[in-house]
Amino acid sequence: MNLWVVLPVLAVMALLRLLKVGLLTWVLVWWGALYIGMRYGLAAPAPQSVITLYMSIVTLSLAAYVGSSRERTEGVLGPMIRLMSEKRYTPLLVAIALLIPGLAGYNAYLAAGLREEPPYFSRTVHPAPPPQITVGEREVDLIRSVNPYRELEESDPQAFEEHARAGREVYYENCFYCHGDALGGDGMFAHGLDPLPSDFTDAGVLPNFQESFFFWRVAKGGPGLPAEGGPWDSAMPRWEQFLDEDEMWDVLIFLYDFTDRTPREVGEFVNE
Amino acid sequence: MNRKLQILVALFGIAAFMAVALKVLMVLQASEFKSPVAAVDTVETPRDQALTELAEDRAAREQAKPYVDEEYRQAPVFGSRVVVWVLAQLHLLFAAFVLAVPIFAMIIEAVGYFTGDKKYDKLAYEFTKLMATAFSLTATFGAFLTFALIALYPKFTTYLMHVFSPTFLPYVLLFFFEALFFYSYYYGWGKFHPLVHLGLGFMLNVVGTAIMFIANGWLTFMMSPAGVADSGAVINAWEALMNFTWMPINIHRVIANVAYGGSVAGAYAAWKFLGAKTDEERAHYDWMGYIGMFVAISAFLPLPFAGYYLAREIYAFNQALGIMMMGGAFSWLFIIQAVLIGCLFLAANFYLWLGMGRIEGTLPFQKLIKWLLIAIAVCFAIWATPRSLISTPAEVRGMGGSTHPILGALGFMAAKNTAVNIMILTTYVSFMLYRRTGKRPIVKWAKWGNIAQFTLFALASAVVIFLGVVSYFVDAATRIRLSVPQVLAVLAAMGAMTIIDIFLLRGAEKTGKIHWGKLPPISQYVLIFIAVTFTWLMGLMGYLRSGLRMHWHVYGVIRDNSVDAFTPTLGFATQVVSVTVLIFFVLIAFVFWISGLSSKEDWQPRSSAVEP
Amino acid sequence: MKIPAEIKIVALVVGTCAFYTYVGQLVPQKEVQPPAEVLISSDITTEEMIAIGEEIAQGKGLCLTCHTVGESGALRFPDLAGIGSSCTTRIPDKSGLEYLAQSLYEPDIYIVPGFNPGMPNIARPPIGLTNDEMLCVIAWLQSMGSEATVTLETRHSYNTDAPEAE
Numbered sequence: 001m002n003l004w005v006v007l008p009v010l011a012v013m014a015l016l017r018l019l020k021v022g023l024l025t026w027v028l029v030w031w032g033a034l035y036i037g038m039r040y041g042l043a044a045p046a047p048q049s050v051i052t053l054y055m056s057i058v059t060l061s062l063a064a065y066v067g068s069s070r071e072r073t074e075g076v077l078g079p080m081i082r083l084m085s086e087k088r089y090t091p092l093l094v095a096i097a098l099l100i101p102g103l104a105g106y107n108a109y110l111a112a113g114l115r116e117e118p119p120y121f122s123r124t125v126h127p128a129p130p131p132q133i134t135v136g137e138r139e140v141d142l143i144r145s146v147n148p149y150r151e152l153e154e155s156d157p158q159a160f161e162e163h164a165r166a167g168r169e170v171y172y173e174n175c176f177y178c179h180g181d182a183l184g185g186d187g188m189f190a191h192g193l194d195p196l197p198s199d200f201t202d203a204g205v206l207p208n209f210q211e212s213f214f215f216w217r218v219a220k221g222g223p224g225l226p227a228e229g230g231p232w233d234s235a236m237p238r239w240e241q242f243l244d245e246d247e248m249w250d251v252l253i254f255l256y257d258f259t260d261r262t263p264r265e266v267g268e269f270v271n272e
Numbered sequence: 001m002n003r004k005l006q007i008l009v010a011l012f013g014i015a016a017f018m019a020v021a022l023k024v025l026m027v028l029q030a031s032e033f034k035s036p037v038a039a040v041d042t043v044e045t046p047r048d049q050a051l052t053e054l055a056e057d058r059a060a061r062e063q064a065k066p067y068v069d070e071e072y073r074q075a076p077v078f079g080s081r082v083v084v085w086v087l088a089q090l091h092l093l094f095a096a097f098v099l100a101v102p103i104f105a106m107i108i109e110a111v112g113y114f115t116g117d118k119k120y121d122k123l124a125y126e127f128t129k130l131m132a133t134a135f136s137l138t139a140t141f142g143a144f145l146t147f148a149l150i151a152l153y154p155k156f157t158t159y160l161m162h163v164f165s166p167t168f169l170p171y172v173l174l175f176f177f178e179a180l181f182f183y184s185y186y187y188g189w190g191k192f193h194p195l196v197h198l199g200l201g202f203m204l205n206v207v208g209t210a211i212m213f214i215a216n217g218w219l220t221f222m223m224s225p226a227g228v229a230d231s232g233a234v235i236n237a238w239e240a241l242m243n244f245t246w247m248p249i250n251i252h253r254v255i256a257n258v259a260y261g262g263s264v265a266g267a268y269a270a271w272k273f274l275g276a277k278t279d280e281e282r283a284h285y286d287w288m289g290y291i292g293m294f295v296a297i298s299a300f301l302p303l304p305f306a307g308y309y310l311a312r313e314i315y316a317f318n319q320a321l322g323i324m325m326m327g328g329a330f331s332w333l334f335i336i337q338a339v340l341i342g343c344l345f346l347a348a349n350f351y352l353w354l355g356m357g358r359i360e361g362t363l364p365f366q367k368l369i370k371w372l373l374i375a376i377a378v379c380f381a382i383w384a385t386p387r388s389l390i391s392t393p394a395e396v397r398g399m400g401g402s403t404h405p406i407l408g409a410l411g412f413m414a415a416k417n418t419a420v421n422i423m424i425l426t427t428y429v430s431f432m433l434y435r436r437t438g439k440r441p442i443v444k445w446a447k448w449g450n451i452a453q454f455t456l457f458a459l460a461s462a463v464v465i466f467l468g469v470v471s472y473f474v475d476a477a478t479r480i481r482l483s484v485p486q487v488l489a490v491l492a493a494m495g496a497m498t499i500i501d502i503f504l505l506r507g508a509e510k511t512g513k514i515h516w517g518k519l520p521p522i523s524q525y526v527l528i529f530i531a532v533t534f535t536w537l538m539g540l541m542g543y544l545r546s547g548l549r550m551h552w553h554v555y556g557v558i559r560d561n562s563v564d565a566f567t568p569t570l571g572f573a574t575q576v577v578s579v580t581v582l583i584f585f586v587l588i589a590f591v592f593w594i595s596g597l598s599s600k601e602d603w604q605p606r607s608s609a610v611e612p
Numbered sequence: 001m002k003i004p005a006e007i008k009i010v011a012l013v014v015g016t017c018a019f020y021t022y023v024g025q026l027v028p029q030k031e032v033q034p035p036a037e038v039l040i041s042s043d044i045t046t047e048e049m050i051a052i053g054e055e056i057a058q059g060k061g062l063c064l065t066c067h068t069v070g071e072s073g074a075l076r077f078p079d080l081a082g083i084g085s086s087c088t089t090r091i092p093d094k095s096g097l098e099y100l101a102q103s104l105y106e107p108d109i110y111i112v113p114g115f116n117p118g119m120p121n122i123a124r125p126p127i128g129l130t131n132d133e134m135l136c137v138i139a140w141l142q143s144m145g146s147e148a149t150v151t152l153e154t155r156h157s158y159n160t161d162a163p164e165a166e
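In order, the protein sequence lines correspond to chains A, B and C.
Counting in my numbering, the first sequence runs without a single skipped number right up to 272 at its last residue.
Counting in my numbering, the second sequence runs without a single skipped number right up to 612 at its last residue.
Counting in my numbering, the third sequence runs without a single skipped number right up to 166 at its last residue.
Here chain A stands alone, though its shape is the one from the complex (with noise of 0.2 Å):
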């Protein structure tokens, strides 16, 4: 939730409530109010579609209060009744004759501008990977490949210790600029990507997925990904024209290391 948005706006509804205004003005301010939360209001904005079906049944539904009595109906068009006849009125009936085209014109002025989009191409995440790659020399099976390097975490940790740190430099190389000095996808070139880096901090996705996996992305990057996960969309450079196959093993028992998780066991699928 957007508080500097919803904390005003709840502010001048307290005031407006001090003041006991007429049942025209809550009208207005509960529709504007109502239309400003949802649209500037909500931390993940809502999209424009969702936002028209809402507003529509707001003001079906005001429409339904005011109508449903004498004294209401009176109440809200009472005032506009007397704005529209009374003299007084006239410098304030001329300003709103005018704002009305106005901002019909504003709105028209905005739906001309509007930007190119791409069209919506929806990908999957996570591919099922390909049995086997060949990395180099090496072809390796995707299915049944576990981190050389992992069993060392229980034998030799010194050595695991090593690899981490190796890793470490990899990472810090070459990885941080799109994942972030956090692991956390928020790297500083991460603005201008679409997909969004990955965010190893996230809890569905080191540990939902085998090692090998991972280095099959890392490896592979963008450009090895299957059809259904758009594989010209994703800035994900392919790692094996960079680093080699013990590089890339290590990067990931950093990964795994720095958010303390646990690769998914082999032979274990996603569904079971």
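FYI, nobody ran anything at the bench for these hints, they're computed from the structure.
What you were told as hints is all true, and nothing was included just to trick you.
Below, in silico cross-link-like pairs of lysine to any residue (SDA-like), each with a Cα-Cα straight-line distance of 20 Å or less: (1) B:122 to B:199; (2) C:8 to B:282; (3) B:155 to B:231; (4) B:370 to A:16; (5) B:118 to B:514; (6) C:8 to B:586; (7) C:30 to B:322; (8) B:600 to B:280; (9) B:518 to A:74; (10) C:30 to B:542; (11) C:8 to B:525; (12) B:122 to B:595; (13) B:367 to A:24; (14) B:277 to B:520; (15) C:30 to B:544; (16) B:370 to A:72; (17) B:370 to A:35; (18) B:370 to A:55; (19) B:600 to B:278; (20) C:60 to B:557; (21) A:20 to A:33; (22) C:60 to B:318; (23) B:118 to B:193; (24) B:367 to A:16; (25) B:444 to B:510; (26) C:8 to B:592.
Calculated from the model, a selection of chain B residues having no Cβ within reach of chain C, i.e. all distances over 10 Å: (27) 14; (28) 24; (29) 27; (30) 65; (31) 227; (32) 242; (33) 307; (34) 405; (35) 461; (36) 600.
Residues from chain C shown here face chain B by an in silico Cβ test under 10 Å; the list is partial: (37) 22; (38) 30; (39) 32; (40) 118.
Every residue, glycine too, gets a C-beta built ideally from N, C-alpha and C.
Chain A is fixed; fit chains B and C onto it per the hints.
Below, chains B and C without anything else, positioned relative to chain A:
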């Protein structure tokens, strides 16, 4: 000669002249052509020969034409599918009306009999009058539909007869009985002992419902076939009739018919109200419209439950059908349905709140209305929220994915079930407040009665909301099972609150008079809006039921091989539904006009100032 | 000038229908054609079978109406990613091919733990896949996570009386 004789002679003269002219023409036609120039010889010219040969050739070709069984025939301009669709929907709309009117007419007549208040009896008669003209239109459209099916889908119709021919005789016999009971009920109004007349009405309802049950068997068989082999051959005709979705559709249609019929009757009253010249007329039609609305909304409240049950049975029959309905090609149809039903709830509550203005002493309840409004508006918004939001790529990025973190949760059935239950409870409360307006209970336990009612309402709402929240955290099968206690809580609360209310308001003191007829005209337009919306909703749901079969005539048994086998876009479907609804209202206007004729004054010849 | 009530009623009826029709134009417009019959000639390769199997899964077979590929979390029906390799280990003593065939022809015999029965019989109408189409679907399933090994000659318990094949 006087005027009349002159006219008669003139008509006779014209007829005689036309007869003579016709006879002369016929004689000239039949006689051979005789050339004015004397023929040199009577040998046939080459041209004549060629003409004769051509004629003979054509005759031979025509005789040699093979007879081919046609699987489909195309209707001109609109295509067969649209023609059958519109005819079936119109038949259904009139049939629904014709089945609904006897139900509530009989109930109103019974109320009149048991309370001794004559005006209920007269109201029941007025409602039944509407049915008379509609009855013949139902039959006309039924025949038109049957002709269209035979002409445009001959092979498939033959197949249906293969399965259902045993049902035709009972169906026809039931129609004879329906005519018998309906005409004796209508034309014999007041001519029998009241209980005998009520019995006739009851039998009319039984027969009408039986007719609908048979027809429902045909169409539900097309969706969830039973009793036939994979080849289509009949194994058991009974099973074919009593297939999986037969009973759910029967229940759903009986309740929906009453809701719809009540709204159309209310629209009739609204039209008469708007044209009323005296205060008594206005009062009478205001009351009639209120009763129509009461019937419509009382049936409308349990209707979502019947619909949900039907959807569950469709799912149980075939998961693919169910998923296509709710998550696939037809899921957006339910968003349109949500908009319509939300509008119906808003309109019904609007009418009730406006109706409170008829009664003096409505002020205490006016303060509660805004809370009811907020509940309805919020529930409407939740119900209409789609599962997959229509968004541009930029909006998708802004949300961080294709689902919104907050609004995405509203797209699930857990939220929607909760929302509709709350809307039903809220509308029920509007009803209760309306009933309470202008009355002060005099029973000693009034305070406890009010507390009990409020507690029941709060409990039911709490159960609904609690179960709704729990539904988010359980798997699909459990969530569907949780809907049952939600529904039961609402139904039980409404039932218990009604019983308490009846006893609570026994002999209540009238603190405010009801001024029937003193209602702003917008209330009547809202009644008409409700009738149009109900009709449109039936059209939409009819499209859903038929379209769910996709490219099958009988799902999984008889494949649709016609050019219309595709599923059209929702935009096209809504256009066809709108056209059907407009045609329906033109015809219903005719029905209303006929029904209104009997209350008009007799035709008087223009009196001349001077005697001839 | 007093507009008669009848004109207003007509305007209301037309306007209401127009409003609902407008709402109908705002939702996504999707026309669904009946599924195209996929021709399976008798000499197709396994690669072609995988492609045909995928087409069937998206179209006539209606597989992707219920099943997902590559999604995790709270699912209603088993996700199909990696099924090519997990099929060998699902039921002890049952080969991957037999497991896939059983899941397609008689899905109610073995339900993946954590899910409920619900898959219809896809060899019968309304889906009605032929034996050849089933083999193509099996090829596609095998390709997700492993190598596709079936051909049109492959025999399993459901497409012949002969005992189990490879």
